[in-house]
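Starting from the structure of chain G, add chains H, R and A where the hints point.
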Amino acid sequence: MGSWGFIGLAYGVAAAALVGYLFSLRGRLRDAGAALSALEGEGGRKKS
Amino acid sequence: MGPTRVGRTLGALAGLCVAVGLYLGLVAAPPDATQGEVQRIMYLHVPSILTAYAAFTATFVASALYLWRRDARADAVAVSSAEVGVVFTGIALATGSIWGKSTWGVWWTWDARLTLTAILFTIYVGYLMLRAFAEEPQAAARYGAVLAILGFFDIPLNHLAVQWWRTLHQPSSLIRPGGPSIDPALLVPLLVNLAGLLLLCGYYVVERTRLEQMRQRAMALRLMRGRRG
Amino acid sequence: MEIRLAVEVEGLTKVFGSTLALDGVDLCAARGEVVALLGPNGAGKTTLLKLLSTALKPTAGGGRILGEDLVKGRDSIRRRIGMISHNHHLYEELTAAENLRFAATMHGIRPDRDGIRKALGEVGLDPQADLKVRTYSTGMKRRLVIGKMLLFDPELLFLDEPHNTLDQAAVALLNGYVASVRARGGSAIVATHNLSRAYDMADRFVLLRDGAVTRRVDKDRLTVDQLREIYARHAENDGGSDAAGPVREAGRRAPA
Amino acid sequence: MAVAEVMRRTWAMTWKDVRVELRARERMNAMLFFAALILFIFNFALGPDLSKLREAAPGLLWLAFLFTGMLGLGRSFQAERENGCFEELLLTPGDRESLYFGKLAGNILFMVMAEALILPLFAILYNLEIWSALPGLFVVALLGTVGFSTIGTLLAAMTAHLRAREVMLPLLLFPLTVPVILGSVKATEALLSGAGLAGAGHWVKLLGGFDVVFLVVCPLAFEFVLEE
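Residue numbers (this note's numbering), protein chains in the order written: chain G, 1 to 48; chain H, 1 to 229; chain R, 1 to 256; chain A, 1 to 228.
The shape of chain G in the complex, shown without the other chains (with noise of 0.2 angstroms):
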């Protein structure tokens, strides 16, 4: 494999890792997200 094929490998490694973490990350707070506002809004209802 050529100079340049290490370097695509490299740096494709890499940003596959950074995406897949962002994706990962925004993923997790939409969840907890929901979560948080189901929560919040339960509390909600139950107050008045």
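Don't read these hints as lab results, they were simulated from the structure.
Be careful, since some hints might not be right.
[To be verified] Here are some of the chain A residues that sit facing chain H, going by a computed Cβ distance under 10 angstroms:
id	residue
1	I151
2	L155
3	A164
4	L171
5	L173
6	P179
7	L182
8	G183
9	V213
10	C218
11	L220
These numbers come from a predicted model, not from an experiment.
Heads up, the beta-carbon is just placed ideally off N, CA and C, and yes, glycines get one too.
Structure of chains H, R and A alone, referenced to chain G:
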């Protein structure tokens, strides 16, 4: 808690800086005299290990703060920068190994810097597992903080041990006490890429901290609901 | 200055993860008084006991134990209290004498041979002094813990379900010891769900459920059956809290 | 006088651990059996050809030392876990450091006793001439054992209540003690090749530095691990 203004600006800046760094590293910078084109992997490998060190230093500071003042925010930052630090250490390992394959023909050499990166990776993966296994969040935060402090004191000793143990690779040019000894043409892309990855790391830590705080808030709400239930 | 209250805590709260083990409990105990914490399992009795004995740090709330701040004065509190629990905190491989010598040293007392022998004698374990605790029955282990308390001579005693699996003689010895502590001006907090034992031992009863105090009752002319009935109403089922009930509290109206 | 009390409490902890261990002999038996087993397994795995083995001898010796030590460290709070003695430790007044040093001294003692038996067995099985290097070996073994046990005792307390403690202790302990592993093996290698303590100078200094750093950090951190 939506994405904060700080988070968004950090993210944008990081994107810009990484783009510039990519251009400089892959296009503008001259190929290395001895290694040729493949030396460009350095613009990714060295900045990612330095960013990981920065993230783990933040974990150390936040952990010490947590133990001192028991401030939940410090704990959130500690676990967040540890997790992001592990991601960057993983990248450093992968790129280091690929660089090793291209220059020495082997995926893994017990070269000083690669070995240190591997040790760092195992210590902080252990940190994340310890936090996951501890049932009770306060215990997870406390144990994690202690481990982060142990890790912080351990790293310089690891450096010493591994440097003496063996150094195939040229001694890490950037962190050498004498300061960077490589010619400016290579230095500028290196520093730009470093700035890019540091900003990106900052962005990830800010977002991950926000996630941790949302989880903390959800736990508090479940608690409140328990009280009124 | 001679403090009147051995225990004076407000708003004691303890959270484990997202479970609320104790929810803002106030408690007072005067010198020379024995207070019983009654309630079903999981009501928070043991958690409260652990907070008062400084084994656990409170998530919120605080107060004073023997005049010392619950959190900052932990060290000196620990020197002046004793704990008798259903699991006996003894090392099975050590003999009775060795266990006492170790516990005394860790407690900051200089243990001498005859001091230990005397304590063992008083709880009737002198002949077995050099046998491994592994060979002891539960009753004998409880006696050894009382022997340890004789060495510690605590001003404030904590008892966590001390009565279960005890033979008659050991129960008498335990009640006798608690009475002797009270006679010397000391106090005790006992957590149990054994109503008749609590009735014999305590002057006041604090009923707990789901980590909160549901009722406080003085013994005065109360019979054990009345106590059982109040317990059934306040600690067992979901009966409405009886706001109007005659509640005597040392100087302060307890939250309903 | 505070110092006297600290010394008494530290000694009481060590005395209790040693006394419990001599009676039950659970930990020592497990360590010794495991050590003998690992030495034999090396032979089967690496073949009887001694010349190959001799070159790897320092590494194999320390593998036996560290894994046996790890087994011992895993059980350092076993006596406390039974019938609530852990909580009793929480209730003892006074400083937490003496509890740590008392437990550490016991752990070091058990590990050194295991090493004192592994080393001669190792020398016989691999027919190594260790007599001349013995004093140096003792110093290196002690420095390595102290370094390994210092962090090991703290992590044993931390993982005492975890569900997967048998896995967590090694997983956390070995990465942190890489300097001890490298230092001990390299110093032993120098000693066995006749270089004497001077020859292994910088490795011995590394081990010494490691021990000093963590003999300061771990006792201070122990308080945060012990509290509930």
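Exercise for review: Under 10 angstroms, Cβ to Cβ, is where A/P179 needs to be relative to chain H, so tell me if that hint holds or is violated.
Suggested key: 4 angstroms, holds
Check your understanding: Would the stated hint for A/L220 survive a check requiring a Cβ distance to chain H of less than 10 angstroms?
Key -> Because about 9 angstroms separates A/L220 from the closest Cβ in chain H, which is inside the 10 angstroms limit, the hint holds.
Point to revise | Hint check: 10 angstroms Cβ-Cβ cutoff, A/G183 to chain H | key: The hint holds - A/G183 has a Cβ within 10 angstroms of chain H, the shortest such distance being about 6 angstroms.
Review point. Does the CB of A/A164 sit less than 10 angstroms away from some CB of chain H?
Key: A/A164 check passes; min Cβ-Cβ to chain H is 6 angstroms, inside 10 angstroms.
**Study point:** Closest C-beta approach of A/L155 to chain H relative to 10 angstroms, hint status
**Key:** 8 angstroms, holds
Review point. Quick one, is the A/L182 hint okay against chain H at 10 angstroms, beta carbons?
Key: Since the shortest Cβ distance to chain H is 4 angstroms, the answer is holds.
Review point. Can we keep the A/L171 interface hint, with Cβ of chain H closer than 10 angstroms?
Key: 5 angstroms, holds
Point to revise | chain H contact restraint on A/L173 - CB to CB distance below 10 angstroms | key: 9 angstroms, holds
Check your understanding: Measuring from the C-beta of A/C218 to each C-beta in chain H, is the shortest one below 10 angstroms?
Key -> Interface hint status for A/C218: holds (8 angstroms vs cutoff 10 angstroms).
Review point. Holds or violated: is there a CB of chain H closer than 10 angstroms to the CB of A/V213?
Key: It holds, given that the least Cβ distance between A/V213 and chain H is near 6 angstroms, below 10 angstroms.
Check your understanding: Per the CB criterion, is A/I151 less than 10 angstroms away from chain H?
Key -> 7 angstroms, holds
Checked against the numbered hints listed earlier, the structure breaks none of them; every hint is satisfied.
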